[in-house]
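Protein chains in written order, with our numbering: chain R, 23 to 388; chain Z, 23 to 388.
None of these hints come from the bench; they were simulated from the model. Hints should not be assumed to be uniformly reliable.
Which copy is meant is left open, so a pair is good if it fits within one copy or across any two.
Said to hold, decoys possible - Pairs of lysine-lysine, DSSO-like flavour, derived with a Cα cap of 30 Å: (1) K344 x K126; (2) K102 x K332; (3) K277 x K124; (4) K174 x K132; (5) K226 x K189; (6) K301 x K124; (7) K94 x K344; (8) K102 x K301; (9) K301 x K94; (10) K226 x K375; (11) K46 x K102; (12) K335 x K277; (13) K94 x K213; (14) K189 x K145; (15) K226 x K212.
A quick note: this is a predicted structure, and the numbers were derived from the prediction, not measured.
2 protein chains.
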Amino acid sequence: MKLHFQQADLAESVNIVLKAVPSKTTMPILECILIDSTSGEIRLTANDMELGIETVAEGSIEERGKIALDAKIFSDIVRKLPNGIVTIETDQNQTAVITCEKAKFDIPGKDAEEFAALPEIEKNEYIEISQFSLREVIRQTLFCIAPNENNKLMTGELFEVRNNMLKVVSLDGHRIAIRNLELRGDCSDKKVVIPGKTLNEISKILSGGMDDMVRIYFDTNYLLFVFGRTIVLSRLIDGEYFRIDQMLSSDYETKVVLNRQSFLGSIDRATLLVRESDKMPVILQICDDVLNLQINTMLGSMDEETIVDKTGKDITIGFNPKFLMDALRAIDDEEVSLYFINAKAPCFIRDDKGSYIYLILPVNIR
Amino acid sequence: MKLHFQQADLAESVNIVLKAVPSKTTMPILECILIDSTSGEIRLTANDMELGIETVAEGSIEERGKIALDAKIFSDIVRKLPNGIVTIETDQNQTAVITCEKAKFDIPGKDAEEFAALPEIEKNEYIEISQFSLREVIRQTLFCIAPNENNKLMTGELFEVRNNMLKVVSLDGHRIAIRNLELRGDCSDKKVVIPGKTLNEISKILSGGMDDMVRIYFDTNYLLFVFGRTIVLSRLIDGEYFRIDQMLSSDYETKVVLNRQSFLGSIDRATLLVRESDKMPVILQICDDVLNLQINTMLGSMDEETIVDKTGKDITIGFNPKFLMDALRAIDDEEVSLYFINAKAPCFIRDDKGSYIYLILPVNIR
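Just chain R, with the same shape it has in the complex (with noise of 0.2 Å):
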């Protein structure tokens, strides 16, 4: 085999593919990176056997031929080789030769056939949206994602599409976020629980716009997204995800109308007193048209006072500051409604379009 790329071209397709190269794995073979032009295209494939992505570099082929290079070398080795024309070349031995300006590496390589291929499949239902959505959608929502494994449908992502519409849900047991978008053309119902960390990879490698779209084929055990010159396959979670309708509610007693800047601003000052240790709440105390919200621990006390748009009861309630930072970090708009119903039910985010729901449980402060 013997290619030539332009560095730049070669270290971008790379670091696409390096997103599903497993950091720890049993299996030598899924720590390389295949570099496949055996059909007259350089496709580079990188496949944990959850995650798959391929994408077709930018280069020219002399001979053709396949091979499978450690990832972290060969990326390390990509990465700092000057601005010119590289060039890979692979002798009976399944050594490369890495040559760049007057740079020449030689390293070994392993054999093309061990490397696991991505599955074939079909192609047949898909939706479409932009990558700019797509990674907006990620960011609003993973954070909702639980951490461990505990329960394995609580670490993906609900994303189910009906009636046009594409709804994505997470949840880790204390809240809930919710993102609505509107999809354009027509395609038949969905319900799929993707991984989290295939939507944390590919959010990674979203660079485009408003106007580049990303295309979701459906398949039984898998999901496919193509984008520009790269496909990223993704295993699904197996199961039944938690039915959330019944958790969401639109009664409350109490509606709050504040600035999302400076309440994030006081939030986040109420936590430099709490050491990562103890689990402090802030409390927040709303009467008439004020939220004063104070935070108690062993290193002092906070309080702010926020004039806010209140209509309904007064009410004081608990929250773990962190849930209420990230959810607030999430929304895009200058101004968020808060509901409530009483000290020890969930409290709502949400906007009137029903573009968003984040839900929040409170912290029992007697």
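Dock chain Z against the given chain R, drawing on the hints supplied.
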């Protein structure tokens, strides 16, 4: 006590003295910043007994007084307050109330009398250099000190004043860095060893340029740096510094002139094949006007040729690549000259003016 500050002014002053707050100590009072306005100026002080920093903060005094506040909490609060007027007020119970706009913090303080005041030193003899030069000379030499305390003198830098020249020397047993600076004005000869920690911290707070001067006062056991509204007091390291003159030689058998950036780039690429655990040398093979840099490790091999301007004999010599890179990064010149005697003798990188000398011991490659 009652004081008022602009948030940005207070944050800047706190950030300066914070550099002298020890990260670990058995004396809780040393974890504090002293705020003392009894003299009519607002002085902030931190002191870890080796290094003390005092700065005069911009602000107004409504009622004089002093208090010691936990540095971490106080600095976190000040940094996160909104950009307005900050008021610090204390009561008889040593509690500080910090208010800014609608935010109000109550934090417990400590008796200012417990705080270890900075020792008074004699201000007779001093030198003066620009903040820029001091920061640069520290950057260009500090990487060469020994990281551990096996030999206390190696953890500091020699500052030697002789004939109106300042010579700064650091070494770690494998390499030596020397910088020479001309001093303005007259001052008597001095020879002190300054702890690396002091130099590291001071270089972070020296923000001034070529026209902002630092005055350095010499006392028996201390050195005092005075610049702007800040003083930094450092204990010196006791003992006779190493005699380096006998290690320096201007004889050579091979001289190589090369482009610093491209040489640095090729050593950087070579180190991609070095895992941290194994200490593989890079080998420089200098033959006619070609320098061939080679490395050969378990991960693969690399070589890269550079055209150089050589005088004298051919030579093959091995180095720890990190030592070469550290020295090359500390130099600003576009072209550098390397001087060799033989494969077992130190290599020198130096300029003709004598403003810098870097000595690096080679690694045995046979």
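Alpha-carbon proximity context of K102 and K332, limit 30 Å: Close across copies (27 Å), not inside one copy (57 Å); limit 30 Å.
Homomeric proximity label, K46 with K102: Cα distance no greater than 30 Å: within (24 Å within a copy, 39 Å between copies)
Identical-chain pair category, K344 with K126, by Cα at 30 Å: Answer is between; shortest inter-copy Cα gap is 20 Å, intra-copy 50 Å.
Within, between, both or neither, where K94 and K344 count as close if Cα-Cα is 30 Å or less: between (35 Å within a copy, 20 Å between copies)
30 Å Cα threshold - placement of K277 relative to K335: Classified as within: same-chain Cα gap 8 Å, cross-chain 85 Å, threshold 30 Å.
Intra- versus inter-copy proximity for K145 and K189 (alpha-carbon distance at most 30 Å): For K189 and K145, the Cα distance is within 30 Å only inside one copy (22 Å; across copies 72 Å).
Homomeric proximity label, K301 with K94: Cα distance no greater than 30 Å: between (39 Å within a copy, 19 Å between copies)
Status of K189 relative to K226 across identical chains (alpha carbons, at most 30 Å): within (21 Å within a copy, 49 Å between copies)
Intra- versus inter-copy proximity for K124 and K277 (alpha-carbon distance at most 30 Å): Cα proximity of K277 and K124: across copies only (22 Å, versus 68 Å in one copy).
Intra- versus inter-subunit Cα pairing at 30 Å for K174 with K132: Classified as neither; 34 Å inside a copy, 49 Å across copies.
Same-copy or cross-copy closeness of K102 to K301 [CA-CA at most 30 Å]: Between copies only: 20 Å across chains, 45 Å inside a chain, cut-off 30 Å.
K226 and K375: within-copy, between-copy, both or neither at 30 Å Cα: within (28 Å within a copy, 50 Å between copies)
When the structure is compared with the earlier hints, violations turn up for hints 4 and 13 and for no others.
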